[in-house]
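Novice: Now for the letters of each chain:
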Amino acid sequence: MESLIIRVSKGGRSQPVFHRADKFPFRIGRAYDNDLIIADETVSAHHLEIHTNEDGFQVKSIADENGTWIGKEQLDEGQHDLHNFSVPTTINIGRTHLDLHAAHSPVEPTLIIARSSRLSEIASTIWLALSLSLVYMLATFYFSYQQFSLNNDWTEILVNRLLYFAIPIAIATVMSFVSRVFLHSWRYLLQLTIASFGCLVFILSEELNAVISYFFTNQAAADFLILIFSGIFFAWLLAWQMRAISTTSVKRAAFVGIGVAWTVLGIRTVQDIVDRPDFSTQPTMHNLVQRFDIRLSPSEESVPEFISDVAEDLELGLAQELARDRS
Amino acid sequence: MSKILIKFIATLGMVLLSNLAGAQDVAEELYSRYESSVYRVEVVTPGVENKASVGTGFVIGRNDILASNYHVISNVVNEPDRYQLEWEGVDGRRGPLRVLAVDVVHDLAILQAEEPMGLPMQIADLPENGVSLFSLGHPLALDLAIVSGTNNGIQESSLYEKILFSGNINPGMSGGPTLDRSGQVVGVNVATSGEAVGYLVPATYLAELLAAARTTDFRPESDLATSISNQLSENQQSLVDEILSNEWRNISLGKLSVPGRVFDRLECWSDNQFEEGTNRYTVNASVCQGQDSIYLSEQLRAGAFSYEFYWLDSEQLSPSAFYQIYQRSSRSRFPSRPGEEDVGNFTCSTRFLFLSGQDFKANICARPYLDYPDLTDFMVLMTLVGHDTEGVIFTMDFSTVSLENGLAVLEKFLGALEWNPS
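Residue numbers (our numbering), protein chains in the order written: chain A, 1 to 327; chain B, 1001 to 1422.
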């Protein structure tokens, strides 16, 4: 008679144990005289027996406690009848699952170990990690200098912004520890590259925001562009970071990245819309101005044309506000 | 020489004393004559002990008609379901009052009692400057008081005509009469700003309001809200007509030539700050502002007008640092703080404008008044762009103006603006 493969697993993520049964009747239980000893206190000392004949396999529950399920069907308690079954099937005793397979059944194809991507390879090189964090620091210093230049000299800026300079290093260190836990490897350079890159794009995006909202004289259009940009970028960054600290597949990492980034941005957008009506304050005047004029074509409107365009905009807006009040 | 001086001072002192004694006699006489014609006017909530507001009112035109300030009784007009109006005499008698008509622009109201209230006062023209006047009222809601002071004529730099009165008007005296020596009303107490600086509404506006009420035989106006709306509309129209018809004279500010004072009743000043050492940039400001506004309710003021040109340049700052300061330098604000029930949100139009060879970025915003749909709060913020370390910020705030009028004033401003590097 053909032998039977029993895969024993308990709830949770513990490693399953495989057992071959080729001598029947095959007895399973917690007692030491069983053919398969189950370390589960919810399983009876002698819980069940597997028999075989020319028709196939039968199972007999000899349990006094907690019962036996085959598939979704519970075996009658106390009757000790033989019950036919065919493989593959699942038997549940106590909190333990037994997956029963025929010995000749095929196994899943072998998973090919994914080689780390070309991007991660480059990102793990020391010169990229260091130069990116250096670029971040220079950019931070440059933008700080603009804010501080009125009263401070550069040493003061350095001292004041010390914490800002250290942000990527701090993030990379934390993520390295996470990587050590999950992957048993520090991968510090990769983490430093990702953190520096993320921080760099973050501060550049603030500048980009200023430029875009100067260029688009409509704040809503600028907000929308920034939203799309940050949605794509942060989803990608999150996915990359996830891949760097775990063996997650590309698909799952992308899924999580998009899910987290877009949820957060969605909540912020809704918050902005909800917060907006505020009658006691000044309007959000679009007073951002830029030194570089990056408009595609300078305005050639005459003053009367300009006034009539403005009138058109405002009449529309005022009518909307009044209509909103009436509703 | 010193003898003559002492003699002169003594004579002067005697003249002053006799004048003062005269003033005291007049005050005594006026007080006793009109004691029973001046009342405390109280806004009360039925069933609540505390008064919402207290002012003064006086009998005018007919023996059951009282005059007071609009701001004393505005709660009753705005929330008639919540508040009631009552008078209280010096003898402690009380009675109800109702609002007949109001003039919000000049802060006046006429009220009617249900019984004869005493001797009506008469209205007279404003005497010459320097003449003694006597103001009656209930300072801080205390007993009736008479305050003597002098007439200084109509204030030139106020948007809405007021007489400057050198006498101590206190809160609570609002709505009380100011009399000349003969006991005729020349003004109505309205505001104070500091020691012995009081403002009166010229009594001629009260005469106009009374004359209008007399034509309907003192029937209460059926729709005060519409009446107020019309008054505000007419007021902004005449203000804008005056601004536009005036001949504007430009002043030079940095590399620009900008309109100076666009009409007489604005207060203008210029401000030059040369920030050396720490700030390393220069500011040239020209600010013009109407000194007063129209009281509508506790949080609402109408008819305010101001504009400002703010020139910045720097020889020491980097362009980036300059622009950081530049875009933070706009300073426009409205005097009124309306709520959701008063106004809609601001709506803005943001555009670039090529003017006098230069690029400007312009924000023009307006919000509608829910009760007066033709009127808006109108704001302008314009900045010169395209220069490394120089720029100008132009702001204009005009409250309760129609959109067309706001834009018309803006258009004239834009027409007058010139790039004029010397």
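Worth flagging that the hints you see were computed from the coordinates, not collected in a lab.
This one's a predicted model, so the numbers in the text were calculated from it and none came from an experiment.
Backbone N, C-alpha and C define an ideal beta-carbon position, used for all residues, glycine too.
Honestly, I wouldn't trust all of these hints.
Claimed, not checked - Here are some of the chain A residues that sit facing chain B, going by a computed Cβ distance under 7 Å:
1) Leu134
2) Val303
3) Val310
4) Asp313
To be verified - Away from chain B, derived, C-beta distances all over 10 Å, residues of chain A:
5) Ile157
6) Phe306
7) Leu316
8) Gln320
9) Leu322
Novice: A separate judgement is required for each hint: does it hold in the structure or not?
Specialist: Now the hints, each set against the structure:
1. Leu134: Cβ of Leu134 of chain A sits 21 Å from chain B, so the hint is violated.
2. Val303: Holds: closest Cβ of chain B sits about 5 Å from Val303 of chain A, inside 7 Å.
3. Val310: Hint holds; Val310 of chain A Cβ to chain B Cβ min 5 Å, cut 7 Å.
4. Asp313: holds (4 Å)
5. Ile157: At about 12 Å from chain B, Ile157 of chain A clears the 10 Å cut-off, so the statement holds.
6. Phe306: violated (5 Å)
7. Leu316: The claim is violated: Leu316 of chain A sits with its nearest Cβ about 8 Å from chain B, within 10 Å.
8. Gln320: Non-interface label on Gln320 of chain A violated, nearest chain B Cβ at 7 Å vs cutoff 10 Å.
9. Leu322: violated (5 Å)
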